[in-house]
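*Asks:* Sequences and hints are given; from them, build the entire structure.
There are 2 protein chains.
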Amino acid sequence: MRILAVGAGGVGSAAALIAARRDFFDLFVVADYDLARAEKAAAATTDARFAAAQVDASSAGSIAALCREHGITHVFNAVDPRFVMPVFEGAAAAGAHYLDMAMSLSRPNPVSPYEETGVKLGDEQFAVAGQWETAGRLALVGIGVEPGLSDIFARYAAEHLFSDIDEIGVRDGSNLVVEGYEFAPSFSVWTTIEECLNPPVIWERGRGWYTTEPFAEPEIFDFPGGIGPVECVHVEHEEVLLIPRWVEARKVTFKYGLGGEFIEVLKTLRKLGLDKTDPVRVKGVDVSPRDVVAAVLPDPATLGDRMTGKTCAGTWVTGTGKDGNPREVYLYHLVDNEWSMREYGAQAVVWQTAVNPIVALELLAAGTWSGAGVLGPEAFDPVPFLDKLTEYGSPWELQER
Amino acid sequence: MRILAVGAGGVGSAAALIAARRDFFDLFVVADYDLARAEKAAAATTDARFAAAQVDASSAGSIAALCREHGITHVFNAVDPRFVMPVFEGAAAAGAHYLDMAMSLSRPNPVSPYEETGVKLGDEQFAVAGQWETAGRLALVGIGVEPGLSDIFARYAAEHLFSDIDEIGVRDGSNLVVEGYEFAPSFSVWTTIEECLNPPVIWERGRGWYTTEPFAEPEIFDFPGGIGPVECVHVEHEEVLLIPRWVEARKVTFKYGLGGEFIEVLKTLRKLGLDKTDPVRVKGVDVSPRDVVAAVLPDPATLGDRMTGKTCAGTWVTGTGKDGNPREVYLYHLVDNEWSMREYGAQAVVWQTAVNPIVALELLAAGTWSGAGVLGPEAFDPVPFLDKLTEYGSPWELQER
Chain A
1 MRILAVGAGG
11 VGSAAALIAA
21 RRDFFDLFVV
31 ADYDLARAEK
41 AAAATTDARF
51 AAAQVDASSA
61 GSIAALCREH
71 GITHVFNAVD
81 PRFVMPVFEG
91 AAAAGAHYLD
101 MAMSLSRPNP
111 VSPYEETGVK
121 LGDEQFAVAG
131 QWETAGRLAL
141 VGIGVEPGLS
151 DIFARYAAEH
161 LFSDIDEIGV
171 RDGSNLVVEG
181 YEFAPSFSVW
191 TTIEECLNPP
201 VIWERGRGWY
211 TTEPFAEPEI
221 FDFPGGIGPV
231 ECVHVEHEEV
241 LLIPRWVEAR
251 KVTFKYGLGG
261 EFIEVLKTLR
271 KLGLDKTDPV
281 RVKGVDVSPR
291 DVVAAVLPDP
301 ATLGDRMTGK
311 TCAGTWVTGT
321 GKDGNPREVY
331 LYHLVDNEWS
341 MREYGAQAVV
351 WQTAVNPIVA
361 LELLAAGTWS
371 GAGVLGPEAF
381 DPVPFLDKLT
391 EYGSPWELQE
401 R
Chain B
1 MRILAVGAGG
11 VGSAAALIAA
21 RRDFFDLFVV
31 ADYDLARAEK
41 AAAATTDARF
51 AAAQVDASSA
61 GSIAALCREH
71 GITHVFNAVD
81 PRFVMPVFEG
91 AAAAGAHYLD
101 MAMSLSRPNP
111 VSPYEETGVK
121 LGDEQFAVAG
131 QWETAGRLAL
141 VGIGVEPGLS
151 DIFARYAAEH
161 LFSDIDEIGV
171 RDGSNLVVEG
181 YEFAPSFSVW
191 TTIEECLNPP
201 VIWERGRGWY
211 TTEPFAEPEI
221 FDFPGGIGPV
231 ECVHVEHEEV
241 LLIPRWVEAR
251 KVTFKYGLGG
261 EFIEVLKTLR
271 KLGLDKTDPV
281 RVKGVDVSPR
291 DVVAAVLPDP
301 ATLGDRMTGK
311 TCAGTWVTGT
321 GKDGNPREVY
331 LYHLVDNEWS
341 MREYGAQAVV
351 WQTAVNPIVA
361 LELLAAGTWS
371 GAGVLGPEAF
381 DPVPFLDKLT
391 EYGSPWELQE
401 R
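Sequence order for the protein chains is A and B.
Counting along the first sequence from 1, when you hit position 344 you're at 344 in my numbering, and nothing is skipped either side.
Counting along the second sequence from 1, when you hit position 27 you're at 27 in my numbering, and nothing is skipped either side.
No lab work stands behind these hints: they were computed from the structure.
Heads up, some of the hints might be wrong.
Since the list can't tell identical chains apart, any single copy or any two copies may satisfy a pair.
Cut-off 16 Å, straight-line C-alpha distance, at most; resulting in silico cross-link-like pairs (EDC-like, lysine to aspartate or glutamate) [claimed, not checked]:
id, residue 1, residue 2
1, Lys283, Asp299
2, Lys276, Glu182
3, Lys251, Asp166
4, Lys271, Glu179
5, Lys276, Glu219
6, Lys283, Asp34
7, Lys271, Glu182
*Replies:* Encoded structure:
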């Protein structure tokens, strides 16, 4: 296996460090628009299988050329979701398999954005699924932690825990705190705004996908591992688009444990128009308001050593158990920032995202997982994945509720 | 009287239109950094006594030169408070009298900003009061609506309504709504941030001036004229610095009726650092976050025709009445936006600010008011001012509470 990782940001760099401990691949090229950043990530592994390259992720041609130059078999997309399509198309052009952690972006319904879907997350990728299948190539989409591990939990619940499922609700929360800042998000604020202010999507059997108002249906979800109750709201997330394609349920939701304070901040940014990405003219220069918000806040990837607490990603499932009785479980994965910083020098959320595509690549290298077309993580057998995660030193857990 | 109005923004332009209906002056030069804006404001009066000029308000030399060129007797400062000192110094250099509607800016106490004052509003101006007095020139500071009319109400209450005053509390609130915007402040957001996020100042007999936390001691004040209850919080405002110098009271406060929503917005801007004026680097360009906030919001001076509602400025006074009984009054001035737009084409808050310096100039021209040094509005006889305001078609009112 010869891997091209596109993007040497927090997740790409952590993925390289995780992969360096495994022997399933021959070459791992870390590419970034900023060559120095790619070189730094490759060098940090102190592993001769790693190389660095410069790439323009907005150009499918640049991706394809780099694939051909290095005989790449698998492209692992670790850049901003804005660049999903060129990286995806570049991999296809070069005949490589493809993995990402976020799918092609959505566009709201122009008429009733908070009732009906428009272009959905991943629609542009699923539109060409037939071509990938015909070519015998796999695009494994949404294989981070959420989407990714959360989808695998959904498939595991359906196969091994339930005879009939009412709701599959992905629930994400943390008690991460950054010392020394009054307000410091633990994840890219640009992406959080994108996820939280787009119309949230919900799936129901008989109705299909539909949307609602941002921050709709707030609920308090009690997270395990000492995190405790956190206010969660509907947000747009890939799981809601992926899970219903492969797993039977009456309803699929995603609620993000932003907490009351972060929800208020996002509502205010939206009210003022500071979430907008279109440039505004400010004293003779043009800037995107959302970029200004990101610029005034500290960069979360650099805050790992000032952070304390745990992050929890998981899938809450209700329905009828294998024994015919009502059952409610929460399948989850906790990462303690202290552990991830000590073990990998990576912040908890970043590490938790990065480990899953490496596990998946290892299963693909071994042939344990195989397939062609555009497939979500829930299209595969969940057990070897979950076992491998434990083997990587980061076990998942099951809570009966 | 030969007037130089520095600044042809909303207030400067409205002041010119108000002055054009009066005969107390010979020349009214409207000056702005942007000559076209000054020409537009002067032309709107269709009055031959008005002229336009270009000026750099950050340069005392530019102000003084313009004064000498036109034989100016009174400089009326209608620009951003950042330029108070150069305009004030330019007037002094040219031997002109001076009026403003906001005083020189404060700087927080570097050690205990939310307990003790640092450099207070107006300190830089009062520091040279002796020079103005010696020169026989008057600097009438804070003669807008708040400060301005609110200070005059305080002096009126002390002279004509009370034998002993407990508290003088300026209270400002509105029910102005801008159609078509989810969030649109009716006053400069730049200045509102400055006023509300600086440490609020309070005066108490025996203790003097001290500061507290922004948004401290929220209270619901029930405003007259159909506005009703609005949440008010302590903010830094000139009245608290001016009133105790000339009027006896146990306590002087200023609370601004921002309303719960605006308070939340300001708290969030502060938490994120979007209130800051120091530039941040955003994708290769430097911008001030507060300027970006102002740029994404609509310009309040241009919203008058989409606005409905009234604005209320007033002074609430408690103590012992002339008859020896406890008394509580609210002296106030209401402007209905529909009226100010129809009569003057000016938004209510802008018009309410602009009328007061014109009334004061008329009293100075007639010799009804006179003085030398740096004086606040409460240093003068309030009755002729209040009578003149009524004569201008905008009467004040008294509410027993």
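*Asks:* Determine for every hint whether it applies to the structure shown.
*Replies:* Hints, one by one, checked against the model:
1. In this assembly of identical chains, the alpha carbons of lysine 283 and aspartate 299 lie at most 16 Å apart only when taken from different copies (14 Å versus 26 Å within one copy).
2. Taking CA atoms no more than 16 Å apart as the test, lysine 276 paired with glutamate 182 passes between copies only; the shortest distance there is 14 Å, against 23 Å inside one copy.
3. Taking the closest pair of Cα atoms, lysine 251 and aspartate 166 come within 16 Å of each other only inside a single copy of the chain (6 Å); across copies the shortest separation is 63 Å, beyond that limit.
4. Taking the closest pair of Cα atoms, lysine 271 and glutamate 179 come within 16 Å of each other only across two copies (14 Å); inside a single copy the shortest separation is 28 Å, beyond that limit.
5. For the homomeric pair lysine 276 and glutamate 219, neither the shortest alpha-carbon distance inside one copy (27 Å) nor that between copies (34 Å) is at most 16 Å.
6. Proximity of lysine 283 and aspartate 34 under a CA criterion of 16 Å is satisfied inter-copy only: 14 Å between copies versus 29 Å inside one chain copy.
7. In this homomeric assembly, lysine 271 and glutamate 182 come within 16 Å of each other (Cα to Cα) only across copies, at 6 Å, whereas the closest approach inside a single copy is 21 Å.
Of the numbered hints given earlier, the model fails hint 5 alone.
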